[in-house]
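Participant: Residues per chain are reported as follows:
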Amino acid sequence: MTVEVEVTIKLKRGVTDPEGENTKKALNLLGFKNVHSVKSMKTFRIAIDADEGGSDVKYEVEEMCKKLLANPVIHDYKISVVR
Amino acid sequence: MMPVKICVLRIEGTNCELETFRSFKRLGAAAEIVHLKQLIGAVKEREKRKLKDYDLLVIPGGFSSGDYIRAGAILAARIRGALGEELADFIRDGKPILGICNGFQVLVEMGLLPGLADEKIGLQQVALTTNDSARFECRPVYIRHENRGNCVFTKGIEKGCIMKMPCAHAEGKFFISEKEREAYLRLLEANDQIVFRYTDPEGTYAAYPWNPNGSVDNIAGICDPSGIILGLMPHPERAFYAFLDSEWPRRAKRGEEGGGAYGDGKAIFEAVLNHLSRKAYI
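Protein chains in written order, with the numbering used here: chain A, 1 to 83; chain B, 1001 to 1282.
Extracted from the complex, chain A is given alone in its bound form:
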């Protein structure tokens, strides 16, 4: 069984997000004056083989986050099974 998992990596609170801030500035300049905050984040969609039930998948993806996808100093991550 193949399970598709979505991992969203975002910056922790208190870490500056220059990309988001600049996007906000650009949107304001384009006339979207009501935009008061933009945050950038990154999403990975991972297809992974799992046994029926897919119980280990979440654990495995969490390991992926710890080992490669996120840097715990600056990132929070959210894992959700898509299907």
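Hint data in this document are derived by calculation from the structure and do not stem from the laboratory. Every residue gets a Cβ at the ideal spot worked out from N, C-alpha and C, and that includes glycine. Errors might be hidden in some of the hints.
Unchecked claim - Keeping only pairs whose Cα atoms sit at most 27 Å apart, straight-line, the calculated DSSO-like set for lysine-lysine is:
| id | chain 1 | residue 1 | chain 2 | residue 2 |
| --- | --- | --- | --- | --- |
| 1 | B | 1037 | B | 1005 |
| 2 | A | 67 | B | 1179 |
| 3 | A | 66 | B | 1037 |
| 4 | A | 12 | B | 1005 |
| 5 | A | 78 | B | 1179 |
What the hints assert, rightly or not - To spell it out: a stretch of chain B is covered by chain A in this simulated footprint if at least three of its residues, at any positions, have a beta carbon under 8 Å from a beta carbon of chain A; those stretches are:
| id | stretch |
| --- | --- |
| 6 | 1065-1074 |
| 7 | 1132-1142 |
| 8 | 1167-1180 |
We have chain A already, so just place chain B on it with the hints.
Facilitator: This is chain B only, laid out in the frame that chain A set:
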């Protein structure tokens, strides 16, 4: 005496290996550009190399694996996965490692720098994250040598000496989480791990543009507690010769000699080669 053997690591996306290689070569070292695959053994027999045959490992600047995920993350994961044991032995033998720019990011991603955790190769304790300006900062910067003698890459360079070399990065902001910031900074200072800080031309700590990325405490380069692993964001190999300095033609026109044929970066390469040749005599 055998010349010092240097491994300048290359993978897809590194782009400073040639300058780094030539800098060491110029100083008489037996430098070699080695692809990661050659160390892992995924090549023909005659191209295989062993990490333990080298005296110094250099991870040069560039955009290893396209800077995907985060700068340095993929190369760090690949080294940790395929060379972890050999690298741990390399460090245990007291052999130095230099990470320039992207190489610094790799060392931080591997947890080798600042190396405050018990495990040598472990989780990240700090991060090199997006510049405050959200731009790629590519220009000369001034850095002040801050080390009191712990780091083997700057032994012999006077403390307080101001050096000029180019920086070229989008993710170079040295960042410690707020919770640990004070404790880590105190530790870095106590262990004599801070090697370079950004300053203005007079040597005073200053904010942007002198600090190109918004680094905590103006930190530009740090070493591990034992002083054998150095990572820095500016590029010493791009300041190896005096003529690489953007001011050089104007200075030459004005008739100012200013230190001869070499630039400020040379001292770092010299210092580590001196350290290694001294070690060979003992």
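Participant: Hint by hint, note whether the structure agrees.
Facilitator: A quick look at each hint next to the structure:
A distance of roughly 19 Å separates the Cα atoms of residue 1037 (chain B) and residue 1005 (chain B); the hinted pair therefore holds under the 27 Å criterion. At roughly 22 Å between alpha-carbon atoms, residue 67 (chain A) and residue 1179 (chain B) fall within 27 Å of each other, so this suggested pair holds. Distance hint between residue 66 (chain A) and residue 1037 (chain B) is fulfilled; the C-alpha atoms sit about 25 Å from each other, no more than 27 Å. Only pairs whose Cα atoms come within 27 Å are accepted, and residue 12 (chain A) paired with residue 1005 (chain B) is rejected, the gap being roughly 42 Å.
Distance check on the hinted pair: residue 78 (chain A) and residue 1179 (chain B) sit about 22 Å apart at the alpha-carbon level, within 27 Å; holds. Residues of the stretch 1065-1074 of chain B with a Cβ under 8 Å from some Cβ of chain A number 4, which satisfies the need for three, so the listed coverage holds. Here's how the stretch 1132-1142 of chain B fares: 3 of its residues keep a CB closer than 8 Å to some CB of chain A, so the rule of at least three is met and the hint holds. Here's how the stretch 1167-1180 of chain B fares: 4 of its residues keep a CB closer than 8 Å to some CB of chain A, so the rule of at least three is met and the hint holds.
Checked against the numbered hints given earlier, this structure breaks only hint 4.
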